[in-house]
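Colleague: Each chain, written out:
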Amino acid sequence: MRTLRYREALREAMIEEMERDDRVFLMGEEVGHYQGAYKVSEGMLERFGAKRVIDTPIAECGFAGIGVGAAMVGLRPIIEFMTWNFSAVAFDQILNGAAKIRQMSGGQFSCPIVFRGPNGSARQVGSQHSHSMEHFYATVPGLKVVAPSTPADAKGLMKAAIRDDDPVLFMESETLYSVKGEVPDDLDALELGKARVARQGAHCTIVTYSRMTHVALEAATALASDGIDVEIVDLRSLRPLDEETVVRSVKKTHRCVVVHEGWPYGGVGAEVADRVQRLAFDYLDAPILRVAQLDVPMPYNARLEQEVLPQAERVVATVKRVVTRGRG
Amino acid sequence: MSDSPPPSPPVPPPTPEHLTALYRQMRLIRRLEEEAARAYAQGKIGGFLHLYIGQEAVAVGACAALRPGDYVVTTYRDHGIAIAKGMSARAMMAELFGKSTGCSQGLGGSMHMFDAKNGMLGGHGIVGAHIPLAAGAAFASKYRGDGRVTLCLYGEGAVSIGAFHEGLSLAALWKLPVVFICENNEYSMGTPLSRSMSVEDTSLKALGYGVERDRFFADDVNVVEHRLRAAVDRARELSQPTVVEVRTYRFRGHSMSDPARYRTAMEVEGHKERDPLFRARHELAVALGEPAVDALDADVEAEVLDAVKFAEESPEPDASVLAPTTYTGPFAA
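Protein chains in written order, with our numbering: chain W, 1 to 328; chain C, 1 to 333.
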């Protein structure tokens with residue numbers, strides 16, 4: 001067991017998979033000579049050379065499409081978006097290319113590609129650079145969407161994403177890159193689509209993923225001092241969604257709160273709420289509540305940004321509302 | 001690089017055998033599409049149907065310049081290049097009819113002809129979006145050193161969209177073995193080139209990206225083959241992309257729902273007098289005699305009628321096809 005930062009775990013996964021399979025390459029803005037905008041790919045150009053660690057100009061639509069075309073004919077590209085916000089100008093390549101190639105070719109072609117980069121808020125970077133893009137992409141059949149919260153999961157899921165024969169969108173977080181965690185020495189690819197119970201508890205299930213898992217854990221500590229024992233399900237994968245683990249937890253706790261970055265309208269939280277009420281209706285003792293970003297574009301001002309983002313305090317208050325319902 | 005396309009090199013005439021092969025493909029495409037239009041009118045084909053009639057010399061000449069194993073990628077006006085690249089008439093017609101025996105099991109339709117074994121990487125429905133994808137196939141060839149060339153076809157309407165420029169920019173930067181072929185049929189849907197672009201020669205876009213270019217008419221399939229062969233050789237031997245504008249004309253509307261009122265009957269008739277199919281037929285008749293060409297036409301006719309019959313009699317796809325064509329591996333939503 002070693003302690004790695006989240007970015008180091010991602011790098012290890014990419015290096016191991018590139019050593020294992022020479023069809024795998026990394027392409028994106030500043031991934032090579034600059035060593036990665038967030039240093040995720042540090043040292044990889046020196047290790048693999050310019051053939052396999054490829055700096056691109058600022059042309060997301062172009063290099064996302066190049067990745068899709070290369071994947072169609074048998075390579076396994078890792079396409080880095082400097083942030084997922086910039087994937088908006090490559091949205092068509094993901095929506096109409098990566099997600100559709102297999103179906104519209106009647107299964108003749110697959111698209112084994114990983115799109116990856118930091119997603120969500122990143123401390124005062126303003127409205128255009130703070131999007132939680134997973135909510136858009138998770139609605140699209142043909143795509144898989146992954147959002148790990150720990151270094152071990154980041155590594156295991158990245159290895160799985162690279163080996164997967166379908167397009168996998170890998171949501172990292174600028175605010176998680178320096179987070180440390182234990183990573184088993186012999187960690188292999190994890191199975192995509194399996195949630196992880198990050199904390200056992202009895203009174204309420206918090207369903208969350210990515211950075212918000214840490215916020216939920218912080219809230220759990222505060223709630224524990226008030227005698228409320230929450231269970232935290234870290235989804236890890238948003239599509240496929242491990243409804244079995246979520247439902248099992250809710251059947252135990254009878255209560256459910258969903259916590260995520262991104263807006264409350266639709267999205268992953270709404271999807272989880274739908275599934276839980278359908279699959280565990282008779283077990284619920286309270287309505288499912290969601291803690292999401294406020295329904296506004298992200299403000300620059302630090303205090304306002306914190307107000308807009310889900311915080312442990314808001315999670316605590318929401319869990320208390322759910323837990324105390326029916327107790328007068 | 002000059003600011004005008006290179007002068008046309010002399011093009012040697014094709015052998016009668018080769019012209020026979022080229023003519024037969026063009027004839028097959030023409031007749032398949034005429035039958036497709038009839039089936040569309042009868043409600044047997046749904047959705048969009050963008051006919052290639054009038055442009056056949058581009059696809060056939062282009063594929064004649066390729067080797068087996070090379071790739072093509074094109075737009076939604078894709079029937080011609082699919083057939084020219086080797087797709088069977090049956091697989092194409094059955095796909096149009098939405099049948100399980102179609103090239104894409106009836107899931108793609110007219111706009112999404114794919115044929116993996118023949119290197120046909122699809123008809124794509126979003127204008128220009130397939131241009132980076134074509135650069136990606138070429139990127140893979142360069143990465144692997146497999147010596148393949150990718151042809152990327154698009155209409156002149158695609159030259160205005162960003163994906164064209166990003167795809168071309170990256171292909172030029174990385175010297176990818178790809179040939180960009182603009183099929184300039186003068187109208188992007190109903191808008192003439194004069195109202196959609198600031199220059200009338202789309203190959204001029206090559207200048208800003210520092211790649212070679214060429215421009216010629218598609219009246220003669222032999223000329224198309226030879227001019228494109230130069231670009232294909234440049235891609236294969238030097239790993240350099242080329243931007244080519246092939247000047248052509250579609251005799252039908254943009255799609256079946258378009259009566260093409262934006263152009264005069266006289267204009268259309270003028271182009272029909274330059275029909276590359278008739279030209280090839282005439283040359284072949286001179287070389288082989290009219291009876292030989294009649295026999296060839298009859299052979300094509302039998303293939304077309306067989307394809308229609310096959311499509312009509314084929315089964316519809318079952319819903320069980322949907323999950324395994326959405327994901328390659330197992331997936332639990």
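Calculated directly from the structure, the hints in this document are not laboratory data. No experiment lies behind these values; they were computed from the predicted model shown. Hints should not be assumed to be uniformly reliable.
[To be verified] Short, incomplete list of chain C residues facing chain W, as computed with Cβ under 7 Å:
#1 V11
#2 P132
#3 A323
#4 T325
[What the hints assert, rightly or not] To spell it out: a stretch of chain C is covered by chain W in this simulated footprint if at least three of its residues, at any positions, have a beta carbon under 8 Å from a beta carbon of chain W; those stretches are:
#5 101-113
#6 121-130
#7 273-285
Note that the Cβ used here is the ideal one computed from N, Cα and C, for glycine as well.
Colleague: For every hint, state whether the structure bears it out.
Modeller: We went through each hint and held it up to the structure:
Because the smallest distance between the Cβ of V11/C and any Cβ of chain W comes to about 32 Å, over 7 Å, the interface hint for this residue is violated. Because the beta carbon of P132/C sits about 2 Å from the nearest beta carbon in chain W, less than 7 Å, this interface hint is met. A hinted interface residue such as A323/C counts as satisfied when its beta carbon comes closer than 7 Å to some beta carbon of chain W; here the least separation is about 10 Å, so the hint is violated. Residue-level restraint check for T325/C holds (minimum Cβ-Cβ distance to chain W is 4 Å; threshold 7 Å).
Only residues whose C-beta sits within less than 8 Å of a C-beta in chain W count toward coverage, and the region 101-113 of chain C has 8 of them, enough to reach three; the restraint holds. Only residues whose C-beta sits within less than 8 Å of a C-beta in chain W count toward coverage, and the region 121-130 of chain C has 7 of them, enough to reach three; the restraint holds. A count of 0 residues in the region 273-285 of chain C with a Cβ less than 8 Å from any Cβ of chain W is obtained; the coverage claim is therefore unmet, three being the minimum.
Of the numbered hints given earlier, the model fails hints 1, 3, 7; all others are met.
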